[in-house]
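Produce the entire structure from the sequences given, and follow the hints as far as they go.
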Amino acid sequence: MEPIAVIRSRTVVMPFDDIDTDQIVPARFLTTTTRDGLGEAAFADWRYDAQGAPKADFVLNDQSARGCQVLVAGKNFGCGSSREHAPWALLDYGFRAVISTEIADIFRSNSLKNGLLPVVVDADTHRWLVDNPGAQVEVDLDKLEVRLDDGRAIAFVIDRFSRYCLMNGIDQLGFLLKQDEQISTFEKTRPWQP
Amino acid sequence: MSAKSLFEKVWHDHIVVPETDDHPAVLYIDLHLTHEVTSPQSFSLLRERGLKLRRTDLTLATMDHSTPTVPVRSFRDLQIVAEPQAARQIVALEDNCREFGVTLHGFDSEHRGIVHIIGPELGITQPGKTIVCGDSHTSTHGAFGALAFGIGSTEVGHVMATQCLLQRKPKTFAVNFEGTLPRGVTAKDMILALIGHIGVDGGVGHVLEYRGSAIHGLDMEQRMTICNMSIEAGARAGMIAPDDTTFEYLNGRLMAPQGAAWEQAVARWRTLPSDPGARFDREVTLGVSTLKPMVTFGTNPGMVVAIDEPVPDRNDSNFRKALDYMGVTAGKPLAGHPVDIVFLGSCTNSRISDLQQAADVLRGKHIAGNVRMLVVPGSQKIKLEAERLGLDRIFVEAGAEWRESGCSMCLGMNGDTVPSGQLSVSTSNRNFEGRQGKGARTVLASPATAAASALAGAVADPRPYLAN
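Which chain is which? The protein sequence lines are A and B, in order.
When we follow numbering that gives the first Met the number 0, the leftmost residue of the first sequence carries the number 0, and every step to the right adds one.
When we follow numbering that gives the first Met the number 0, the leftmost residue of the second sequence carries the number 0, and every step to the right adds one.
No lab work stands behind these hints, which were simulated from the structure alone.
Keep in mind that this is a model prediction, so the values were computed, not measured.
Positions of the beta carbon are idealized from the N, C-alpha and C atoms, including for glycine.
Below, a list of computed lysine-lysine pairs in the DSSO-like style, where the Cα atoms sit at most 27 Å apart:
no., chain 1, residue 1, chain 2, residue 2
1, B, Lys-51, A, Lys-177
2, B, Lys-8, A, Lys-187
3, A, Lys-187, B, Lys-3
4, B, Lys-437, A, Lys-54
5, B, Lys-168, A, Lys-177
6, B, Lys-168, A, Lys-142
7, B, Lys-437, B, Lys-320
8, A, Lys-187, B, Lys-51
For the chain B half of the interface with chain A, some residues (derived, Cβ under 8 Å), not all of them:
no., residue
9, Gln-40
10, Gln-88
11, Gly-149
12, Ser-152
13, His-157
14, Arg-167
15, Val-203
16, Met-412
17, Glu-432
Facing chain B, from chain A, some residues (calculated, C-beta under 10 Å):
no., residue
18, Asp-17
19, Gly-79
20, Arg-82
21, Asn-113
22, Phe-160
23, Asp-170
24, Pro-190
25, Gln-192
26, Pro-193
Okay, structure coming up:
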């Protein structure tokens, strides 16, 4: 994984609440056995019509969305299934951060494992972002703040451990593997065996 | 010592390394269930890192999500009818399980079925265990007093390699259901009512504990229906304290403890219920005595209403967008709305009592001419049991299709889909846009409501069908 420090990008806005993982990547794309190439499946049912042609009224098909790395969405983003294909699809599409007022638990956990930043901001900041699609923002993982182009800096929280891993481009499995001795001791000394 | 909740007891019992500001807790996992869709990338992770699967004895695999459910003469034939990429995924699971030494209940196993159905059925789902699976409906197993939750494929790899997960301690949320369920109203209606009450994000960051007289009175299958949909309220997990109903269900099952070990296990399990005075971060109480059959009218499970009450209206673009998608009119009850498909199945409602509930409505009658009805048992064991009880004949004589077990139409990735624009009354768990197929419209309901709707050819209240 590439180390992450600051993401500078214009935003794409999907103002809907409760955007679920079936919208982010519909189940029929889940028969893949790799992590790659899911960008085409991102928001597939909102992006393409029955013939596979791009729908003109969907924001990702707008010229202005090209190259945007920050998605602004309504509350409870990523609710639904545990499919890690959701952050894989968003990352493969080109997103590197999602900003919302609330992000679903499993999606947040999956995103942090893959380098997609789940950023929760207050309702006022969120309203400003929704009202100003295409705004230039900086998501700073080091300083834990989102900087808006009107000069404001809004703090956000990311678990210290996840932040350390993301900033150093290391995965979390290494830490778990280092606990091998404690895990073995736990297995031998616990009062009952599963 | 301070009073502890059920969740806190199970959590503390599995801490290998306590959490600090610098890192989450290392939590030991007692049972890892896995299936064909979310595991290939996890096995690849092990292979890339040159790692073994640490505890093959605590890992169990089956195939359910992308497997077809069309009736076939032998399970082998299922591979022939599967879509090529789904078939490759199934073969990959067989290869991975062989390579890493994982027990697989595959096509030829009498124990094959939906992953959350077979764990309890085998008796390997037990009180006090930590259980994970790369599937959000892992919360189902919480019905036994296990801490059970869904994880992504990277974490599936973590569990395979270390039998542990890095977890921050969630908050707790007590949900009290009080009263006695009226006839024709079920656990499915209870959980839909709760999600409508607290919202699809009402449980985010929390583990729910379902308590109260109405929970105590439910059998294990209905308790599983409740815990199954915890994730639909955004919760990390849902749990129910184990009691005699739990022990009776587990006693004698294939992988449950036997003999002296059984007695010891039950003694330990009896210490698990929340202590009097245990504190919860949140609490809510719902009465069930006046509860009615519930149906969803929108595109998430929180958009739900009693079957005979008008669909509400809100001056909110999200809300209107959902009604438009569904083709539903605000101000009118959903009862009477035309139905194209009825799906009875999924890890929410495909157990024998679910099939029985639907059969009670359908017995001796025929579904409406314009309706296609699929009945998909949750496991091969349930299929055989239903056939022994003659339920399959009731379904077939009513004009429904009797299928092999699997996830089927719940998620539209195995060939069973709802055509675009058609409306399905489904006993599954998600009514998201396109969940059952591109452009599909889904109304979530209980098995009895689904069966009544199949007969009427429109969303229908099951209670008149159960009058006697």
